[in-house]
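Asker: As a plain string of letters, each chain reads:
There are 2 protein chains.
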Amino acid sequence: MKKPDEIEIIKIFQSRFGQGPKFIPEDLEVLSISNQNFLVKSDMLVQSTDVPAGMKLYQVARKSLVSCVSDFACKGIKPRYAIISLAIPRGFTRKMINELAIGFAKASKEFAVKIIGGDVNQGKEIVIDVSMFGVGDRLVRRGGAKKGDIIVTSGPFGYSSSGLKIILRKLKADPKFVKKCKKSVFLPTPRLEFGLKAARYFSSSMDSSDGLSITLNDMSKLSKKRFFVTRIPTEKDVEEFAKKKNISLVDLVFCGGEEYEMVATVPKKNLHMVRNIAKKLNVPLFEIGYVTNGKNVILVDKKQEKTLKRCGWVHLRS
Amino acid sequence: MKKPDEIEIIKIFQSRFGQGPKFIPEDLEVLSISNQNFLVKSDMLVQSTDVPAGMKLYQVARKSLVSCVSDFACKGIKPRYAIISLAIPRGFTRKMINELAIGFAKASKEFAVKIIGGDVNQGKEIVIDVSMFGVGDRLVRRGGAKKGDIIVTSGPFGYSSSGLKIILRKLKADPKFVKKCKKSVFLPTPRLEFGLKAARYFSSSMDSSDGLSITLNDMSKLSKKRFFVTRIPTEKDVEEFAKKKNISLVDLVFCGGEEYEMVATVPKKNLHMVRNIAKKLNVPLFEIGYVTNGKNVILVDKKQEKTLKRCGWVHLRS
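Residue numbers (the working numbering), protein chains in the order written: chain A, 137 to 454; chain B, 137 to 454.
Just so you know, not all the hints are guaranteed correct.
Copies of the same chain look alike in the list, so a pair counts if it works inside one copy or between any two.
Here are the computed lysine-lysine pairs in the BS3-like style, where the Cα-Cα straight-line distance is at most 30 Å [said to hold, decoys possible]:
#1 138 x 231
#2 260 x 306
#3 245 x 147
#4 250 x 415
#5 250 x 214
#6 333 x 242
#7 318 x 445
#8 260 x 138
#9 192 x 260
#10 250 x 360
#11 139 x 231
#12 139 x 192
#13 231 x 250
#14 282 x 445
#15 319 x 333
#16 260 x 231
#17 260 x 318
#18 147 x 192
To be clear, the hints were calculated from the coordinates, so they are not data collected in a lab.
From just these sequences and the hints, can you work out the full model?
Answerer: Okay, here's the thing in structure tokens:
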């Protein structure tokens, strides 16, 4: 019998926890206590699935915080505190612990998130689970897109999936491009400041770390709208890499994941504000399409319209 | 060179995170945001270190929540919400997932903690990291004991360490005793209701899951007081087991861990209140000694006074 994958597992849990089929997942969990919205995100990084060869320990530690920061960024909520639960194998030296500590401290400083505690354990591999906390009244939802809104991304896609292919399949490519790709894999940087300033002008938003197609499809479904993608958010060097290596550009850009860019829909009247904020913060905003009535994500590629299916990373899928 | 253990690792992290040597660890982390105290606990359960042979999946899932509930119980704070991050190996069947879900749901109901979200991952072994949340104004500290206070525990010690020895070393013992011990290991139950009602009468308190000697030593050190232990908090059957198997009773009771009982100090004027609450809730309160000026934990055993050293479970200690 087929084993359940991540998506089925979550469904089983949700039904058991009384959340029912109408439960809407969000980038952040909301705890409403005493009229205060307390926002939390937990994200687990596992060495054997999340750490590609060549990634340094300080980068691993930093990335465990980056995943959570990215979810706060897209919702426009300032992350304030973090708690870190850690499992490490026996034999970790003082030097290795120090390297992890440096990575945590680096991310803490970079995103102004105070690390307030944690739990240290022994395990078969490195596992880092970060819980991050903030407060906020208004939370941009995944499902708020309206007809006529413009779909934007906070940066180009394709570098991290190209990077993973370069690392895992040991592909050769232009050294400058390789460097850019590896930076995208090892040192991803969510656009926190942009999110904090621009989110109030979004009608919906979502973190893209599971892959752009999953993100667009989830937003379309939850908004009950059709998303028309007329421009592929990427750069020339990714296009060239795809061509040279005979890899589908659509796969690289839409089915990769780990980009830590935000995807948002912006009402037309707000677009100039979002453009201005992006310009001021040097964020390479991509306007990739628009929202209309209907359902599904439609990609207009080489003047052909096709439905963009959910593709990307799903844990435990065989 | 000697590898750093859990305690040294935490010190390295604390110095890097700017918490300094004066940082006082607590059972719960306090996030003060907008004049509201949010209380959080994260606790990671790792299969290879925390799950003894014979423990069922639903018990593993339940126990991952129990560890956090226990910390809330001893501080007298009601836990309200939980987030669960999970890593499981490939090949987990629907039945196994269901068993985990049942365990989570069972604990959620048992302690009235709402599970609001989580993260599912693939890893080499089962890792469950639970973050639990509550609010509260007054938090009983680990370091508040005053001269003359009575030291109490919310139940007997020695069953879980006996149980672990029975399981790991395959020791034979009286079936009724084995059952009691296994229940203590597989289905530990923190005294949440007692903690919620009685904590206001404590001058200090701490969860004992790392071992009773560690707990008493930490409380003594943080309170800058001497703890005099005049009674060993255990039962006749544990004493008999120790005698028969030629195991030190002091080791079984003070150096075990995983008991999930609370240790507290109670000002004499509050003692009758705490006794009454315990009686009403069928909590077998043990009054095990008193607080005086000085330092260290002194155990009076067979009319001899000796210093009770820190012993118990430390991760990654060789």
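Asker: Under a CA distance limit of 30 Å, which applies to residue 250 and residue 214: within one copy, between copies, both, or neither?
Answerer: Both: 12 Å inside a copy, 25 Å across copies.
Asker: When Cα atoms must be at most 30 Å apart, do residue 260 and residue 138 count as within-copy, between-copy, both, or neither?
Answerer: This pair counts as both: shortest intra-copy Cα distance 26 Å, inter-copy 20 Å.
Asker: Could you figure out if residue 250 and residue 360 sit no more than 30 Å apart (CA to CA) within one copy, between two copies, both or neither?
Answerer: Classified as between; 29 Å across copies, 38 Å inside a copy.
Asker: Can you give me the call for residue 147 and residue 192, within, between, both or neither, at a CA distance of at most 30 Å?
Answerer: between (35 Å within a copy, 22 Å between copies)
Asker: Within, between, both or neither: how does the pair residue 319, residue 333 come out at a Cα-Cα threshold of 30 Å?
Answerer: within (25 Å within a copy, 53 Å between copies)
Asker: Reference check for the pair residue 260 and residue 318, CA-CA at most 30 Å: within, between, both, or neither?
Answerer: both (26 Å within a copy, 25 Å between copies)
Asker: Checking residue 192 and residue 260: alpha-carbon separation at most 30 Å within a copy, between copies, both or neither?
Answerer: The answer is both: 18 Å in one copy and 20 Å across copies each meet 30 Å.
Asker: With identical chains, the pair residue 333 and residue 242 could be close in the same copy or across copies; at 30 Å between alpha carbons, which is it: within, between, both, or neither?
Answerer: within (23 Å within a copy, 42 Å between copies)
Asker: Under a CA distance limit of 30 Å, which applies to residue 250 and residue 415: within one copy, between copies, both, or neither?
Answerer: Result: close within a single copy only, 29 Å intra versus 43 Å inter.
Asker: For residue 260 and residue 306, with the copy left unspecified, which applies at a CA distance of at most 30 Å: within, between, both, or neither?
Answerer: both (27 Å within a copy, 24 Å between copies)
Asker: Have a look at residue 318 and residue 445 and pick one of within, between, both or neither, based on CA distance no larger than 30 Å.
Answerer: within (27 Å within a copy, 50 Å between copies)
Asker: If the cutoff is 30 Å on CA atoms, where do residue 260 and residue 231 land: within, between, both or neither? Let me know, please.
Answerer: Both: 19 Å inside a copy, 24 Å across copies.
Consistency with the previously given hints is maintained throughout, with no hint failing.
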